[in-house]
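S.K.: Given next are the chains, with one letter for each unit.
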Amino acid sequence: MADASATTQENSASEADTDTLSVLVPITERYDPVEELYYEYKQGLEQLARPYEIIFVIDGDRPDVRSALEVLGHDDPHLKVVELSRAYGEATCLNVGLEHAKGELILTLPGFRQVDVRELPKLLHALTESDMVVACRFPREDGFFNRLQSRIFSSVVNRISGLRLEDAGCTVRLFSKRVIREIDLYGDVHRFIPLLAYRHGFDVTEVRVAQAKADQTPRVYSPGIYLRRVLDLLNIYFLVRFTKKPFRFFGFIGAVLGIVGLAIAGWTVFERLFMGVPLSDRPLFLIGTVLLIFGLQITLVGLIGEIIIFSSAKTKKEYVIDRIYQFGGATDASPSAGDASAGSRATTGQDAQGSKDESPGTAGVDNTATSDPDRSSEQRLAR
Amino acid sequence: MNHPHIELDRERTSERAARLELSLVVPMFEEEDNVWPLFQAIDAALSAYPSWEVLFVDDGSSDATLGRLVVLAERYPQVRVVALQTNAGQTPAMVAGIEHAHGETIITMDGDLQNDPADIPAFLREIEAGYDIVVGYRVNRQDKFLSRKLPSYIANRLIGWVTNVPIRDNGCSLKAYRRSVIQNIPLYSELHRFIPAMASLAGSRLKEIPVRHHARIHGESKYGLSRTLKVILDLVVVRMLLTTLGRPIKLFAFLGVPPLLLSMLFVGMGTYHVYASSKPSIFFGASILWFMFAGFSLSVGILAELFYSHVDYRESQLASLTKVYHG
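Each protein sequence line maps, in turn, to chains B and R.
The first sequence runs 19 to 401 under our numbering.
The second sequence runs 29 to 355 under our numbering.
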């Protein structure tokens, strides 16, 4: 294990920093007054008894939030404020926040009070057994309509992912940085981080945490917001099921439509030829043609999708390597430990044919997942 | 096996140990009972060869497969284990193994003992004889006729016909590749079934040899009849990729020709109808629709052209790459 941890330090900051818990608080459309939020979160974090930093990411121009945070930041070295030049959405906020986070452990908290922060230690406890811990508001003390929305959203997400989450809408999540590196965060997919992590093979646990008082007020959003949620779900459904094989999706739909269209149009032509039913004024023939062409178009779109995948196939990995076990070879003083250009190929190059002066029990455990040298810092913690 | 080495990082690793002659890549998914017998058979088959390694890729098994593989790796220096974090599927598992293999020749096989490692030397001989890809075909398969053999016979004929690479047995995992060839073939999703077809892009020389086939002893078979539709859809994709690699716009423009002809036909029919009966006709509508589709197809072709401009393994480049090695 010695050389594995040595390579780890090549890429990350000093040891003290990696121990820090980095807390990301994106301030987007919905947020509570930040002073109250700050003091409450701070109080919750102090009781964890470990170094922490709070990073507020302000999505776009919100002068009131900025000035309030500036005042607070004067006497708190733990507080970092990042302001985006315009509103990019929550996923970008998280991405930017991650870039500024110095810790290896990340906790995301919403910009509004959702859970009782006094229960945060529960999350940290649970993390020893899994890669990601998400909070679940329990018991729910808010009204029927809030709970109904939550339930519907969670059950759809569960149906898509195969994950069992009681509360998919809670954005209090604790995970190590390596989890998030595997996932592309963009657009509105931040809502589905647990789902994506699960699909990438990480263990996701849910921990019941008391709901915050402020979260119990009834919420009704505008129809546009609900429409966006539905589109998000469709997007994630496609992402999960067909990212690597778009043609299985489009090709199937296209084939069904095309066959139905062909059958309809063929039937009308058949009637014209053998039963003397005139064709030139039958709308049914046109409907068949439209369906057939629609099916063909969807098929072509699927082919384009495959071409896109094919042209990026070499850069995108479909697998995540947990570990590489190789024994008996020389595992010390890897010649390429700091040599970024050598990548994983050279690091794993200590192969079976290497010198055998090591005792047979020493493990050369190599955690490099891909040829990306940054990945060499990824470690499965606490096995 | 002295091929001119052109890769830079290859020289780096060869300082310490010469490149291995052979890497076996074996994806394992829930094969706990097969680990030990499989390695014994491999070890026996390769005892005459000085430099080889086995890469077992554990594809996120939930049983004792990984534990047993690690024990094996502790005991034998030739064994390496790549443990995937989650079940990624057979092709990704194979790609993971291939990318970490050090051998000049890479042989892939199933982890379920249906392939016999005793066939490996025959594959090596063919590679040494100058072939780039050697694929096995199973003689007297030990499977049920109706549910396994018949569908696979039809599938093989279909695949051969569509891809123009007629191979008797695409389902046989026992295959040998020259390193330079396999590492340049784009593999993803479930394309492992079409590796020979994809490799034909590179102008590789291919050879088929018979292999033994055993009935499954341990564990459950992971294949079934239900995948026919998926195979057909994948096949369309492979055919499309094979045809479009040179100039995709050609294919899509070509696909636009029949709709254009249909469109013209309907204009003719509509005109005739209007003259004959002096009533409006739906044929003009159909004509417009087909004309639009022809335009759509052409646009898709232009888009495809755009995406391919980023691809670095076009037909010509692949071909030139193999020529470096045995020109």
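Quick caveat, the hints were computed from the structure, so don't treat them as lab data.
Treat the hints loosely; a few may be bogus.
[To be verified] A short, non-exhaustive set of chain R residues, derived as facing chain B with CB atoms under 7 Å: (1) Tyr77; (2) Pro78; (3) Ala92; (4) Gly95; (5) Ala101; (6) Ala116; (7) Thr256; (8) Val259; (9) Leu261; (10) Ile277; (11) Phe324; (12) Leu326; (13) Ser327; (14) Ala332.
[Unchecked claim] No farther apart than 27 Å at their CA atoms in a straight line, the calculated lysine-lysine pairs in the DSSO-like style are these: (15) Lys172/R - Lys262/B; (16) Lys98/B - Lys120/B; (17) Lys120/B - Lys231/B; (18) Lys120/B - Lys140/B; (19) Lys140/B - Lys60/B; (20) Lys258/R - Lys262/B.
[As the list claims (entries may be wrong)] Covered by chain R, per the in silico footprint, the following chain B stretches (three or more residues, Cβ under 8 Å): (21) 108-118; (22) 304-312; (23) 316-326.
Keep in mind it's a predicted model, so treat the numbers as computed, not measured.
By construction, the Cβ of each residue, glycine as well, lies at the ideal position given by its N, Cα and C atoms.
S.K.: Please go over all the hints and tell whether each is borne out by the structure.
M.R.: Here's how the hints hold up against the structure:
1. Tyr77: violated, 12 Å
2. Pro78: violated, 9 Å
3. Ala92: Violated - the Cβ of Ala92/R stays beyond 7 Å from chain B, reaching only about 15 Å at its closest.
4. Gly95: Given a least distance of 11 Å, the restraint on Gly95/R is violated.
5. Ala101: holds, 5 Å
6. Ala116: This interface hint holds because 4 Å falls under the 7 Å limit.
7. Thr256: Violated: closest Cβ of chain B sits about 13 Å from Thr256/R, beyond 7 Å.
8. Val259: Violated. Min distance 11 Å.
9. Leu261: holds, 5 Å
10. Ile277: At about 12 Å, which exceeds the 7 Å cut-off, the nearest Cβ of chain B leaves the hint on Ile277/R violated.
11. Phe324: holds, 6 Å
12. Leu326: With a closest approach of 11 Å, the Leu326/R hint is violated.
13. Ser327: Check failed: Cβ of Ser327/R comes no nearer than 9 Å to chain B, outside 7 Å.
14. Ala332: Interface hint status for Ala332/R: holds (5 Å vs cutoff 7 Å).
15. Lys172/R - Lys262/B: violated, 32 Å
16. Lys98/B - Lys120/B: holds, 11 Å
17. Lys120/B - Lys231/B: Distance ~31 Å between Lys120/B and Lys231/B Cα, so the pair is violated.
18. Lys120/B - Lys140/B: Roughly 23 Å between the alpha carbons, so the hint for Lys120/B and Lys140/B holds.
19. Lys140/B - Lys60/B: With a Cα-Cα distance of about 16 Å, the restraint between Lys140/B and Lys60/B holds, given a limit of 27 Å.
20. Lys258/R - Lys262/B: Holds, because 13 Å separates the two Cα atoms, which is no more than 27 Å.
21. 108-118: Contact hint for the segment 108-118 of chain B vs chain R: violated, 0 residues under 8 Å.
22. 304-312: holds (count 4)
23. 316-326: holds (count 7)
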